[in-house]
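Chains A and B supply the protein sequences, listed in that same order.
Sequential numbering from 1 applies to the first sequence in the working numbering.
Sequential numbering from 1 applies to the second sequence in the working numbering.
Please note that a few of the clues may not be correct.
Copies of the same chain are indistinguishable here, so a pair counts whether it falls within one copy or spans any two.
As the list claims (entries may be wrong) - Heads up, simulated BS3-like pairs for lysine-lysine below, C-alpha to C-alpha not over 25 Å straight-line: (1) LYS403 / LYS475; (2) LYS311 / LYS94; (3) LYS34 / LYS475; (4) LYS111 / LYS475; (5) LYS336 / LYS59; (6) LYS311 / LYS477; (7) LYS49 / LYS403; (8) LYS78 / LYS49; (9) LYS348 / LYS444; (10) LYS348 / LYS111; (11) LYS78 / LYS403; (12) LYS40 / LYS311; (13) LYS120 / LYS403; (14) LYS24 / LYS59; (15) LYS235 / LYS78; (16) LYS24 / LYS403; (17) LYS59 / LYS477; (18) LYS336 / LYS60; (19) LYS408 / LYS24; (20) LYS403 / LYS34.
What the hints contain is simulated information worked out from the structure, not anything from laboratory work.
2 protein chains.
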Amino acid sequence: MNNMDAFFDPNNIAVVGASDNPLKAGHVILENLKRIGYPKKVFPINAGKIEILGYPCHKKLSEIDDVVEMVILIMPSKMIFEFMGDLEARMQVKNDVKVIVCASADYAETKTEEGIRRQKCLMETAGRYGIRVMGPNCIGVIDNVNRVDTTFVETVLPPESRGRRSGISFISQSGSIAASMLMLGASQPAPIAMNKFVSIGNMADVDFIDLLEYLEQDEDTKVIGLYLEGYPDGKRLIETMARIVPQKPIIVLKVGRSDIGASAANSHTGSLAGADAVYTAAFRQYGIIQVETIGELLDTLQIFNSCVLPKDESMFILTQAGGPGIYCTDALIASKRLKMPLVSEETKVRLRGCIPEMSSVCSPEGYADITAAASVQQHADSLRAVLEDENVSSVAFITVLPKFVPQKELAEAILDVLKGTGWIHKKPVYVCIMAGNFVLPVRKALEENGIRTFNTPLECVRAATYMAQYACFLKQKRGEQV
Amino acid sequence: MNNMDAFFDPNNIAVVGASDNPLKAGHVILENLKRIGYPKKVFPINAGKIEILGYPCHKKLSEIDDVVEMVILIMPSKMIFEFMGDLEARMQVKNDVKVIVCASADYAETKTEEGIRRQKCLMETAGRYGIRVMGPNCIGVIDNVNRVDTTFVETVLPPESRGRRSGISFISQSGSIAASMLMLGASQPAPIAMNKFVSIGNMADVDFIDLLEYLEQDEDTKVIGLYLEGYPDGKRLIETMARIVPQKPIIVLKVGRSDIGASAANSHTGSLAGADAVYTAAFRQYGIIQVETIGELLDTLQIFNSCVLPKDESMFILTQAGGPGIYCTDALIASKRLKMPLVSEETKVRLRGCIPEMSSVCSPEGYADITAAASVQQHADSLRAVLEDENVSSVAFITVLPKFVPQKELAEAILDVLKGTGWIHKKPVYVCIMAGNFVLPVRKALEENGIRTFNTPLECVRAATYMAQYACFLKQKRGEQV
């Protein structure tokens, strides 16, 4: 597919601008390739050094005997003209380079004559040989399974998560947001190993549409996240997304929404943010999920990756804590989408039978407070009772974990209900374990087993709302009644 | 003041229902008193044990020779009748008990005849001797400086933070929200040691108004947080808050806002949530800050505690990262309160002189992107330049910290600008260091020095909006033009 594969699984990589100074990006890139365990050859291009981090240096790209499919550019951008001459020399002989990741900045995004001239030089040579270019002004590409990491963000994924991946792929127009998403993702109770991760920078060549089409075909991508400032052909972007959405959900964080924000976006990546209302309307029409915050982006990507879709908008609130339950109820009502289900009399009787005496069952309907006195068994039994009611399509499951509810046992009991009896494949359960760092062990145990957990009930409701929104969109698309 | 002081600094404490089983609340309370280092005597009441955790047990309250000013009740609630008989016996002789914290549940909140009878028994005896009662159905009281902790939430504050306090006092109608706030507070980069912390439960005696009046007089309380479900006399509650607000800001998270949420609140603490619109209108009229989420509650309490108020609604956005800067700009515009200031030509020239060449200065106005190339010095110099412009009343300062910006040096440089040159006492600076666990060291270093930091730009903007809202309220109150 136009060499695109070589971004995610290149046969050998050269790094132009490689440095032995640990504070330079040209050093961090080499470190990252080493840390992630890139299995093929890495060639630092540095005229003054013999080797860096154990990789033997070369003076020029054209001097490397081995095949080089990917070149990462991190040298000062004014050296682009010289480098392109050398690339030309190589291609005439070897014709092997398939992709360039231009991580340096100071190209067309500066809107200076010189910056534009540099980008033009880069693109002309690349275009002549069919080399695909990512950037300039980007932080690069990560493929965690093929063990490629061209970024100069210090690796944050712990070693045990490398080589794994989720079904989440992510494309960012901002390098900082991309870097933040990596760090926030790795800060989750169970770190997120993304599938394909791309910072696209100036989009001199590879752009949103190329990548969306690539991810559309990528079997490992289950859900696509976008951080979007603007795109010159908004209509084509939306058409591409609209075609993909029925197969793979797309979650978008769009910025430059206000006029002043759009003007800042223009200064940033030179992109025109486009009329925000037009984007928002199109997103809604085509079932594209537009989130409001970075936190929602991360939560929503994870929940789409880990949960089945609900069959409708009903969500039962099962809480061990009154205050958080009420807070969750308010948020559910405010979502204007989710509904609290009417469970059967049988379920109510069953619930009353398996939880502490002072519990409140279905007052209001679709709500049960099993109280702080609930044991691990009572947590699990009530969850099962609710899931088995056919009027319940999803569950918000909230607990605050008093000391006498041991975290390990609770995690095991929840896993037993959700994985053991297979509910995880039938109905989404949004698990909220409050609060903070003190419940990380139980959250980690659940997340490592594919059960996404949330910080507070509000985040549960937001994720559930987007899930229900997408489920409804698909039903409408299929002509079903919703 | 009606014995209220004894909740926060009691002369000796008896724990009725003390247990040697580490999984029981009656044990955790003793552990917490030990851990926080309560300096006076603790008397576990347990007829079957000789000592627990080194505290000698007594069979009955009436048998204790020493003074006992506080009694914590954590025995099964059906034993309240027997205990009240014993309390009566003690009071007739010693007349020393000033306060009861009734942590047990299963009183009037259950709305059963028996529960109501128990609460009545508790209140009758207490009332007869002028003993103030917190609860029932609460998690108790913490005073971190007097080293009192009557809760059965496992102590989460690290030892080095005990004995300190912030200016934040917090009153919660929900025990779980109270517990979550403790855990979330202790999970901050620098753990929050609250001033007075109270879970009020059923409010059989001490209620919101008693505590608000107490905190109004408390010199150590600078800002008051409330988690509110409902209060029987909403009018008096609002009047009390309105009287306090001009001296001390009050931040409220009100739940039971939807009709169904209100019905859940009624099942929970038996409180009537009251017409939400009435509360919201009153909060707005009297300058009471109503936050929307638990996260905002925590952020807002911290920012009011640590920052001076801005003189008006202008906020300069100084960012090292384009994407987050645009995201911040959108949020600022969406706040419909904050404004981006027009700085002087001199400031613009100065900014351009102290930051990387590709930076974008004041395009749009009130915004500068110092780019990922910015050094520690450039971070600090640009912050100082912006703060010194008289049209700037507050600053959102955003950075993503590439590897070559060392965290320790950045923290020192920011502290030098804010504390060293005293800007911290003149203008609020909302510091956002993205993202996740990987920037905790720099955030911790700043927070330990009284500079609150945020996760993402959105949280900066929300906190800044509430600060500006309160500042405007005070100006209006003083009859100044806003």
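Going down the list of hints, with the structure as the test:
Proximity of LYS403 and LYS475 under a CA criterion of 25 Å is satisfied in neither setting, with 44 Å inside one chain copy and 47 Å between copies. In this homomeric assembly, LYS311 and LYS94 never come within 25 Å of each other (Cα to Cα): the closest approach is 55 Å inside a single copy and 66 Å across copies. Taking identical chains as interchangeable, the C-alpha atoms of LYS34 and LYS475 are never at most 25 Å apart, the minima being 46 Å within one chain and 59 Å between chains. For the identical chains of this complex, LYS111 and LYS475 are neighbours neither inside a copy (46 Å) nor across copies (44 Å), given an alpha-carbon limit of 25 Å.
In this assembly of identical chains, LYS336 and LYS59 lie within 25 Å of each other by CA distance neither inside one copy nor across copies; the values are 62 Å within and 56 Å between. Taking the shortest Cα distances, LYS311 and LYS477 sit within 25 Å of each other inside one copy (14 Å), while across copies they are farther apart (53 Å). Proximity of LYS49 and LYS403 under a CA criterion of 25 Å is satisfied inter-copy only: 22 Å between copies versus 58 Å inside one chain copy. Taking the shortest alpha-carbon separations for LYS78 and LYS49, only the intra-copy value of 21 Å comes in at or below 25 Å, while the best inter-copy value is 81 Å.
Taking CA atoms no more than 25 Å apart as the test, LYS348 paired with LYS444 passes in neither setting, with 32 Å inside one copy and 48 Å between copies. In this assembly of identical chains, LYS348 and LYS111 lie within 25 Å of each other by CA distance solely across copies; the values are 19 Å between and 66 Å within a copy. When the C-alpha separation of LYS78 and LYS403 is checked against a cutoff of 25 Å, the pair qualifies only between copies, where the shortest distance is 23 Å, while the shortest distance within a copy is 61 Å. When the C-alpha separation of LYS40 and LYS311 is checked against a cutoff of 25 Å, the pair qualifies neither within a copy, at 46 Å, nor between copies, at 59 Å.
Taking identical chains as interchangeable, the C-alpha atoms of LYS120 and LYS403 are never at most 25 Å apart, the minima being 63 Å within one chain and 30 Å between chains. Proximity of LYS24 to LYS59 under the C-alpha cut-off of 25 Å is restricted to the intra-copy arrangement: shortest distance 19 Å within a copy versus 70 Å between copies. For the identical chains of this complex, LYS235 and LYS78 are neighbours neither inside a copy (35 Å) nor across copies (69 Å), given an alpha-carbon limit of 25 Å. For the identical chains of this complex, LYS24 and LYS403 are inter-copy neighbours only, at 8 Å across copies versus 47 Å inside a copy, given an alpha-carbon limit of 25 Å.
Taking the shortest Cα distances, LYS59 and LYS477 never come within 25 Å of each other, neither inside one copy (57 Å) nor across copies (71 Å). When the C-alpha separation of LYS336 and LYS60 is checked against a cutoff of 25 Å, the pair qualifies neither within a copy, at 61 Å, nor between copies, at 55 Å. In this assembly of identical chains, LYS408 and LYS24 lie within 25 Å of each other by CA distance solely across copies; the values are 18 Å between and 43 Å within a copy. Taking the shortest alpha-carbon separations for LYS403 and LYS34, only the inter-copy value of 17 Å comes in at or below 25 Å, while the best intra-copy value is 43 Å.
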